[in-house]
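Since the structure of chain W is provided, determine the placement of chains U and R on it from the hints.
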Amino acid sequence: MTATTGRPASAAVPASGDEPGHGPGHGSGRGSGLGAGRGPAHRPGRWAAPPRPVWEEEPSRAGLAGKGLVLALACLGILFPLWIVLVTSLSSRKTIDQAGGLVMVPKGITFVAYRELLGGGQVTRAAVISVLITLVGTLFSMAVSVLCAYGLSRTGSLGHRWILMTLLATMFFSAGLIPTYLLVQSLGLTDTYLALILPSAISVFNILVLRGFFMGISPELIDSARIDGAGDLRILWQIVMPLSRAVLAVITLFYAVGYWSAWFNASLYLNDQDMMPLQNVMIQLVQKQEAPVGLGQAIKTGELSGLAVQMAVMVLALLPVAVLSPFVQKHFRKGMLTGAVKG
Amino acid sequence: MSHSTVPRSGTEADTTATTPVASDGATGARRARPPGEPSLRHRLRRDRVLLLMTLPAVVLVLLFNYIPILGNVVAFQDYDPYVSDNGIVSMLHSPWVGLENFQRIFEDSAFWGAVRNTLVLFVLQLVLYFPVPIALALLINSVVRPRVRAISQAVLYLPHFFSWVLVIAVFQQLFGGAGLLSQLLRQHGYDGLDVMTDPATFKFLVTAQSVWKDAGWGIIVFLAALASVSPDLYEAAAMDGAGRWRRMWHVTLPALRPVIALLLVLRVGDALTVGFEQILLQRDAVGPGAAEVLDTFVWWNGVRNQDFGYAAAAGLVKGVVSLGLVLAANKVAHLMGEQGVYRK
Amino acid sequence: MTPNAASASSAPSRRSFLASTAVATAAVAGGMPLLAACGGSDSGSRDGTTSGKDAKKLLPAYVAGNVVTPDIAARNGSAVGFTGKLDLATLKTSVPKKLGKGGKVSIMSPFWGSPPKADNAYYTAMNDLIGVDVVWQNQDGNTYDQKLGAVLASSDVPDVVVVPGWNMTGKIPSAIIAKFADLGPYLSGDAVKQYPNLAAIPTDAWQRSLFGGKLRGLPMPSSYVTSIVPFYRKDVFDKEGYQVPTSADEFHALAKEITNAKAKRWACLDMKWTAFNMFGVLSGDEKSLGWNLVDGKLVNRIETQEYLEALEWTRKLFAEELVHPDAKLGKSQATDPAPKFVAGEFLIYNQDISQWYGQAAAQATQNPDFRIWGMDIPGHAGGNPTLWAKNPAGIFAFVNKKASESVIRDVLAVANVTAAPYGTKEYMLTNYGVEGTHYTVKDGLPVKTDQGNIDVLNAFVMVASPAATIAHPDLPEVAKGQVEWQQRMGAFTRKSPFYGMQITEPARWTNLANDFEQLEDDIVRGRKKIGDMQQAVSDWKSKGGDQLRDWYRKLLDDNGSAAN
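Residue numbers (the working numbering), protein chains in the order written: chain W, 1 to 343; chain U, 344 to 687; chain R, 688 to 1251.
In isolation and in its complexed conformation, chain W is listed as follows (with noise of 0.2 Å):
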């Protein structure tokens, strides 16, 4: 199916009324939705509609209108809290005074908060030691799920069912908070960036999905290359993989995104201020509404406006994730829905 439009008229998947479950058994269907992924069709005119279908009745004027209105406040009421964030942040001290507080019409651009910011201080370092985890936690995180989802993938292997019993009973509970404290207190793992990777590197669910996937893909794919001597590595690097580019994206940015967003585990694990990742950070600045280190006498001095550095911090916490996610995006329902909810 072309995601774009996701009408039912042009879905090129197997049509509905497949008996659920079975999707992921489906190999042709999977093949080819990742060829469309590659090489989407291009047509002409996005914006336009597209031909409507004879036994439709034209729509109501004032039908359209409310329906775009409806949609219209909803993305506004997305995007102009983010709007009035990054248009502060980047006023002048004067400019916030004279808008009383918060500034939604920019005037005179300035980027002295973030150049205070970035100059090598707090936030500076909060953010370099964000996106470190981030990296490291998410290769880890993907190599951990991918090579677990390889492993589960073939039905019938030893032991395949218990392992995969194993994994699915830990949706249903959870050993609580004061027990895994004591225990990962008991690793020695407090006052270490260990603590905010290893307790929450996996999500079962992502495995699963990456299962689903992977055991979609041609079963003759996989048996002629290990016919040709391909060891599973192989398999998995050389064929699996590529093919499940889509899905991988996906993953990858719900890992990504977790262990950008974390803070609990870092507020109860890290002791040390100098270690604490950008989202404590931004606590600290905007929520606690404290001075960043180096900068609290210009800021009580009103120097610099502590509400632009506070609308600083955010944009720079929400940055790498609006940047990254409208990409992964058109993933979304290709990778992940239409692998594995319907197949």
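Please note that a few of the clues may not be correct.
Under 8 Å between C-beta atoms, here's a sample of chain W residues computed to sit facing chain R [claimed, not checked]:
#  : residue
1  : 116
2  : 119
3  : 185
4  : 190
5  : 195
6  : 225
7  : 272
8  : 273
9  : 274
10 : 290
11 : 306
Rough simulated footprint, nothing fancy, chain U against chain R, three-plus residues with beta-carbon under 8 Å [unchecked claim]:
#  : region
12 : 786 to 795
13 : 818 to 824
14 : 899 to 912
15 : 1206 to 1218
Because the hints were derived from the structure by calculation, they are not lab data.
In this text the structure is predicted, and so the values were computed from the model without any measurement.
Idealized CB from N, CA, C, for every residue including glycine.
Chains U and R alone, transformed into the frame defined by chain W:
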């Protein structure tokens, strides 16, 4: 609990998407062994690479999901974290008190307050949050222009990927006592309005934050279900003279029914978990009277008051009740003819 | 070491277990804590206090170290004040020889305000002077309680942990006894003379450093006069013609007059602490100070009428929206009041007396018109207030039990420098930083630079301090104001029966009062009713408050009282 499985994303997408995958595994595994099945040793040799591949994940799950279960013994102790430097050693050295912690919990009005807040929030979210993604999905689905559709989806998905810290900071800037709304009101001669610190409306605030952050993401599941509706059905209905609304009622909504029912049932199964990080971040602003939920109750008593045995007992109560709810919810799902998270 | 698995309802069973180890260690030191029994098998447990003969054996000898004679002598419990010019060229040296052996010492400490960079010039200079590589782990002072318990439970406790008395809630007191080293061998009696600046710390501050029958803390001596000063913007008051209130009602009326939300101006922040002082509520600084003898019966502060009245008065300020909206966010969310105080968004707030100087110094060069001043606490009905003494040392630095002797010696070397009295080079560096970088000399007076206001904050002064001193050669009028305020307020200050003692409550009742502060905050912000407090107090009584009263009674009978 959300804190221990941070990178898990999107509960909605979670559960549905998992469904077929998981059940497939179960059925696959149950497939009868063919007559010529090789010996265990042979299989071990054949599959040892596969087994090794699963090893890291299995070790992590055993270490961080299974072993901590044993740590719940502190719920039956007067646990003293300072007896030694190691949580496990302290466990061995702390005296047993039987069910005393549980007795204390059931007599503690703060605990029952947390239970009440948890349930109220759950109901509020069910009523006010749950329908939003469905409505949005229907709306998006009826948009035919591909570009409009793609852009609005991109915007609606976006907040899902923001951290709670950021979302709450944004809300504080807009609706806090010194925020944009108050600023505008005061400039126009009205009193300021501080939604962020008002315990009376706190639960609505929390729900609104959830809607802002996750309702857009929630539509993804419904859109997938809608995409699977055969256009023939619409055409046939139209031929029978059904108008726009009747077609929605008779074709579209029935197509969503299984997904809605499943999500509903699963949400009920997860009723005792209502936004731990989100609420913890705002607990001080409105006070525990309005904001304490079961998860933050555990945090407060354990981490802040070092009353680990007591906190663990509260956590255990929550865990056991939750497990019961999940199993019951699955049962209901089965009875309704849907798949649950697992299959019978 | 088998845990006592006997019965379900045996709260004291932990203590019987502990007794086995505690007795052994106590016996070795010969300083068996003088204990007030509270029920059965308590011998050798951690609770109680240390006094009399037992204390004498542990306390360091006192050797006065007069370097400069103060301009204002201590009176009514005030600090000593220095308001004259200080000849920076002839500062004395109190630590002639570096005592540090070059080791590394990690110190965790609460920090109020925004901390400086880790490798700043101030820290480097201090480390050079001491001869120890101190690594600071600064934590947000406002939410320190949320971190402290977890750190103490972990296996890597920093070498030194600073614990303010008000954070000794829940199981923290037992953690202090379990996790921190006995400094007695290094400091008791004449041993302290190796560290002359520590020997000059007053004995009542050391008395407060006895925990579980051992000398464990390095004290920060302080005036016993309340440290909570209601600050106001004197420049704005003068301009607008506002009068400093002389009763609770006047305060309220003034708050109404000041507040103009449309112009983004409110009267004050949360004034709960000041209200407690106006209404004569017993000190909430430490649990033991909350008890008073009334007609021969011990009464806790939460049981008094004054307590409820003070809450009700504060609640009214909030309810009538005379309080800046930031203050509604609660204690963990409005940390540094400075920017909004300077901007005039509110004109009154109450905080530790040290902010008097801190705020004044921070604005001295940039905003010359800005003037912060402390108002006298009025009695609630007008006239003189009844104030209750806080303890003569409220913040302590502890050394990790696992620290080697050389680390302990290095820590004491740090303390010996930070405790240097006014008029010494060490005091100047500890409190002002490096000349040229952190302050410049103008007309013979040190003037803090911006860098000085960023770097020279908190940190080293938390380890150990000289006898309570107020000296600000750069702003002598502030120093004078501070000392005189303490002396005026000191005249109205009374000592409650357990003043001066370091008391560890029995473990089973330590969690009893955990939620009262939160409840106070909820009530003044209108989230809970006064009735909820009355309910909480009656719960408190039935869940152990009355037994705790008996326990304190016994302690009082055994140790005598400091009350006057």
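Right, here's what the structure says about each hint:
| no. | hint | in the structure |
| --- | --- | --- |
| 1 | 116 | violated, 13 Å |
| 2 | 119 | violated, 11 Å |
| 3 | 185 | holds, 5 Å |
| 4 | 190 | holds, 5 Å |
| 5 | 195 | violated, 11 Å |
| 6 | 225 | violated, 49 Å |
| 7 | 272 | holds, 5 Å |
| 8 | 273 | holds, 6 Å |
| 9 | 274 | holds, 6 Å |
| 10 | 290 | holds, 5 Å |
| 11 | 306 | holds, 5 Å |
| 12 | 786 to 795 | violated (count 0) |
| 13 | 818 to 824 | violated (count 0) |
| 14 | 899 to 912 | violated (count 0) |
| 15 | 1206 to 1218 | holds (count 5) |
The earlier numbered hints that this structure contradicts are 1, 2, 5, 6, 12, 13, 14.
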